[in-house]
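Visitor: What follows is each chain in one-letter form.
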Amino acid sequence: NAGVMQNPRHLVRRRGQEARLRCSPMKGHSHVYWYRQLPEEGLKFMVYLQKENIIDESGMPKERFSAEFPKEGPSILRIQQVVRGDSAAYFCASSPTGTSDQETQYFGPGTRLLVL
Amino acid sequence: GIQVEQSPPDLILQEGANSTLRCNFSDSVNNLQWFHQNPWGQLINLFYIPSGTKQNGRLSATTVATERYSLLYISSSQTTDSGVYFCAVLYGNKLVFGAGTILRVKS
Numbered sequence: 007n008a009g010v011m012q013n014p015r016h017l018v019r020r021r022g023q024e025a026r027l028r029c030s031p032m033k034g035h036s037h038v039y040w041y042r043q044l045p046e047e048g049l050k051f052m053v054y055l056q057k058e059n060i061i062d063e064s065g066m067p068k069e070r071f072s073a074e075f076p077k078e079g080p081s082i083l084r085i086q087q088v089v090r091g092d093s094a095a096y097f098c099a100s101s102p103t104g105t106s107d108q109e110t111q112y113f114g115p116g117t118r119l120l121v122l
Numbered sequence: 073g074i075q076v077e078q079s080p081p082d083l084i085l086q087e088g089a090n091s092t093l094r095c096n097f098s099d100s101v102n103n104l105q106w107f108h109q110n111p112w113g114q115l116i117n118l119f120y121i122p123s124g125t126k127q128n129g130r131l132s133a134t135t136v137a138t139e140r141y142s143l144l145y146i147s148s149s150q151t152t153d154s155g156v157y158f159c160a161v162l163y164g165n166k167l168v169f170g171a172g173t174i175l176r177v178k179s
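For the protein sequence lines, the chains are U and R, in the order given.
All the letters of the first sequence, read from the start, carry residue numbers 7 to 122 under this note's numbering.
All the letters of the second sequence, read from the start, carry residue numbers 73 to 179 under this note's numbering.
There's no promise every hint is true.
As the list claims (entries may be wrong) - With a straight-line cut-off of 30 Å between C-alpha atoms, the simulated DSS-like cross-links for lysine-lysine are:
| id | chain 1 | residue 1 | chain 2 | residue 2 |
| --- | --- | --- | --- | --- |
| 1 | U | Lys33 | R | Lys178 |
| 2 | U | Lys50 | R | Lys126 |
| 3 | U | Lys77 | U | Lys57 |
| 4 | U | Lys33 | U | Lys57 |
| 5 | U | Lys77 | U | Lys50 |
| 6 | U | Lys68 | U | Lys50 |
Bear in mind the hints are in silico, worked out from the structure with no lab data behind them.
All chains should be modelled from the sequences, with the hints used to inform the complete structure.
Guide: Written as structure tokens, this is what we have:
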């Protein structure tokens, strides 16, 4: 029973390039959450998606960041024109339905983004 | 929004010692989770514990929802317990994390 999968595990980009982070939820889970962990800090919520819908993007930076969860395929977190301050670990989590406040969110291994 | 505070911020233990980590939260919650982030950065679910007590091996957790705190107990600590321990509460659709407790277990 595969857990949440993220790739790549490590990503190096130069300033101004684009970063694409992928997340495949656990089997049977249709709700995906993205969190960011800046160096020496805790995790902060970014966005919550269902298939083809963004439910809550209140934690997303206003510019350069976008997320999608298409009908087929993984969820993608896209960062355009990366800057050094985007260097962080980006975690994806999934849950079965997202409608119960008693659900556990299961986390992937994270993608560590380094911007040179 | 809800505030989640963890204490102590860091802790050094000798192998075999016991410890208690605390998580205070500022509002009523129905969902609280404890995580361990190992030295390789992976987040591991330890407990889903909105109330009551659970045990898993050397680890146990207690949440007193009416008093807005949760405790994580580590007994007979091992070097593999080192890492950062986070508690997180569900607020709306999102998990709100505390700043974590950094635990280092020395052999």
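Visitor: Each hint: holds or not?
Guide: Structure-based check of each hint:
no., hint, verdict
1, Lys33/U <-> Lys178/R, "38 Å, violated"
2, Lys50/U <-> Lys126/R, "26 Å, holds"
3, Lys77/U <-> Lys57/U, "6 Å, holds"
4, Lys33/U <-> Lys57/U, "14 Å, holds"
5, Lys77/U <-> Lys50/U, "26 Å, holds"
6, Lys68/U <-> Lys50/U, "15 Å, holds"
Going through the hint list in order, the structure does not satisfy hint 1, though it satisfies all others.
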